[in-house]
Amino acid sequence: MCLYVVRHFWFFWNRMFKEQRRCYQDLAGTYLPSVSILIPLHKEEKVAADILERFVEMDYPKDDGRYEVIAIDDGSTDATPSIVDEYASKFSFIKAVHRAGNGGNGKPEALNVGLKVASNEIVLTFDADYLPPRDCVKRLVAPFADVEVGGVMGRVVPVNSPESFVTRLMDIERAGGYQVNQQARYNLDLIPQFGGTVGGFRRSVLKAVGEFDETKLAEDTDLTYKLYLNGSKVAYVNAAECYEEAVLSWDMREKQLTRWAIGHDQCLFEYFFETLKSPVLTFWQRVDGILLLGAYTTPLLILIGWLTGIFSYIVGAPLWYSIFPMIFFIFAYNSVGNFVVFAEAGGSLFLDQRRRSMWLLPLMLVNLLANVWVCSKAFFLAIFLRQRRCEKVKPPVWAKTQKRGVGKDNYNKALNSFWNNNTHRWDKTERSGNGMQYYNDIKNAEIKRNHRKRG
Amino acid sequence: MHARYSRGLRIQKMHFFVGLAISLVFTLLIAFNAFNFWIWQASMVEWLLSFAGVSHKLFISSSLGNGPTFEMPINFRPIPFTTVIFLLFILASLAVIVNIFRGIPPPVKAISFVVSILAILTLLWQTMVSPIPAYTLHWVTLDWSCSGVINLCLITLIYVPFLFTIKGPLWVKVFWLFVAIGFSIVWNLLRMSLVTATLYYFGGLVFLLFHYILGAFIDFVYIVAFYSLALAHLSKSKSSEVMQFDP
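Taken in order, these protein sequences are the chains called A and B. Residue numbers 0 to 454, in numbering that gives the first Met the number 0, belong to the letters of the first sequence in order. Residue numbers 0 to 246, in numbering that gives the first Met the number 0, belong to the letters of the second sequence in order.
Rather than coming from a laboratory, the hints here were simulated on the basis of the structure. Quick caveat, the model's predicted, so the values are computed rather than measured. Check each hint, because a few of them may be wrong.
Stated by the list, open to error - Incomplete in silico selection of chain B near chain A, CB under 8 Å:
hint : residue
1    : 6
2    : 7
3    : 101
4    : 108
5    : 110
6    : 112
7    : 113
8    : 116
9    : 157
10   : 164
11   : 168
12   : 171
13   : 226
14   : 227
Backbone N, C-alpha and C fix where the C-beta goes; we use that ideal spot for every residue, glycine too.
Could you put together the complete structure from these sequences and hints?
In structure tokens form, the structure reads like this:
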């Protein structure tokens, strides 16, 4: 926990007061390589037209196959296929890929199908609920001018933050995560993460490390580690903002966070020792890599801290009189340890000049509580998932004491029913489709503001 | 859309050192006057307890290790074993039910889990491991762990690197630092009075729950609340004009 406190404090300090790397943004608009854009769409009828429209309006040369948008209809049963077909028939640079029948098994599978159709070296991916501004692609491809860059990541900004209490919290969380955390990691040449959307990679580099792992629930984290462990880097472009529709309710948030946390923990189990021993990573990249892998276990550590605190409180009252430093440490952990993450979010809001959002900062405690609950559960789910897969691959071979075997059957039955009822499958986030409306509201307000300034 | 700020700020070194000096002076003041502070706190709590109708006596020892102590008449009888089993069953069922329902938001689930564990552990400890004999008097002592003096030091320590270094007028930073300290002093008086009155009126278990939750959780919230207000004030101030935005 102390390491995380130091790490976040370091990020806050670096992002606020040190020189910022601008990530090749001077090349944005002059370096314009051929690019393929993958958009997986599974039952996205509410948002499909909005995102395709944004790519039609995109400020990027669309001649000679230099710009292609691949809309992957991933087995949708709603109006998504017809929307995709309509755009593909109107615009030559939009290609429609349909996966009727065998689709809907998750984003990594859809991306792998899209990759087979893509014809360009630079590949960008966007989720269906995202609304990229006109300069987004130009900004995202600029870092690929550097041959060392294997992946790129832009900034995600929720566009529907006034919609509900949860969206407001998500907005603050995203601000801290991108404006401070990702930018600081990029400044310090640590491990900025490819987030699976508003980002991209070189096709050749991805081919060299395999393809998207379809067994992972966080294919983005998986790709980040594959890239770094094979000598490539991920560049973070803070100026490449893209607007997303944040989840509306706690139920949706729980599903999303569970999926992320399990996926991240899967990567923790797989890449922990490889990262620790990697000869291509620097010492600090290894340290940051390990801490990043364990990011979704910190809520579990916080929960253990609270429970230990309760136990000490009930059991050890007389002891506390004589161990003042321990009390100080517990208080320091509870206050400063948790506080530094709030400060990170506060710092990002300060940099974005969002004064009213700062007032909501204390309510992030509610989000912290949700994270503690969901990520702690997800950690154990990830362990169960790993255990089940290990049994499939490597059956135990030692001469074990003979048993009736009923316990194992019951265990597997219980495990199977548990998984069938839980987030074993790719749990898709539902969209409200209100993002475009908020996007237009903001745009109109800005136009009015500019008019007022001029006249 | 928005022209967001993509460059670093200049660190306010002078403000940082002023904040550090305030923090040091404040910490030393508390360290050398903690006992006097507890006595003052106890006299205020005593007044509030009298106001709440809690019958008590205040003892002030000359030793630093023993802070001011409130003695209260409480007719405590250990909870019968069958009642404990029943309560444990209710608490465990409640925790499971809250977890099962998908409609209940995760933050509520987390709170319910922590509170249930706290109550179950306390009940089990008091029944199985260290049964408390019946008594008619109980004592509550104001000391390092529960008087809130540690938090007073922590507030200054937190605000120095996270607030005083940020661009903005010094008076805004000092103002919010002292508002946070002032609130902390008032809050700790109210918290101590509330938990002591809870012990008098509702018994040991509720006292333990209140003491832990109000101490560990609420303390943290108000530190963040004042920090966020301070940041918002700084961003409103003239400092924002000197920020350079990316084209």
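Residue 110 of chain B as chain A interface residue, shortest Cβ-Cβ below 8 Å:
holds (6 Å)
Are residue 171 of chain B and chain A close enough, Cβ to Cβ, to be under 8 Å, as the hint says?
violated (13 Å)
Using Cβ atoms only, decide whether residue 226 of chain B comes closer than 8 Å to chain A, and label the hint accordingly.
holds (6 Å)
Interface hint status, residue 227 of chain B versus chain A (Cβ within 8 Å)
holds (4 Å)
With a cut-off of 8 Å on the beta carbons, see whether residue 112 of chain B makes it to chain A.
holds (7 Å)
Min Cβ distance, residue 116 of chain B to chain A: is it shorter than 8 Å?
holds (6 Å)
Quick check on residue 101 of chain B please, does its C-beta sit within 8 Å of some C-beta on chain A?
The hint holds - residue 101 of chain B has a Cβ within 8 Å of chain A, the shortest such distance being about 6 Å.
May I ask you to test the interface hint for residue 113 of chain B with respect to chain A, counting a Cβ-Cβ separation under 8 Å as satisfied?
holds (6 Å)
Would the hint on residue 164 of chain B be counted as holding, given a Cβ-Cβ threshold of 8 Å to chain A?
Hint holds; residue 164 of chain B Cβ to chain A Cβ min 7 Å, cut 8 Å.
Checking hints one by one. Is residue 6 of chain B an interface residue toward chain A, by the C-beta closer than 8 Å rule?
Constraint on residue 6 of chain B satisfied, holds at 5 Å.
Min Cβ distance, residue 7 of chain B to chain A: is it shorter than 8 Å?
This interface hint holds because 5 Å falls under the 8 Å limit.
Do the numbers back the hint for residue 157 of chain B, that is, is its least Cβ distance to chain A under 8 Å?
holds (6 Å)
In summary, the numbered hints that this structure violates are 11 and 12.
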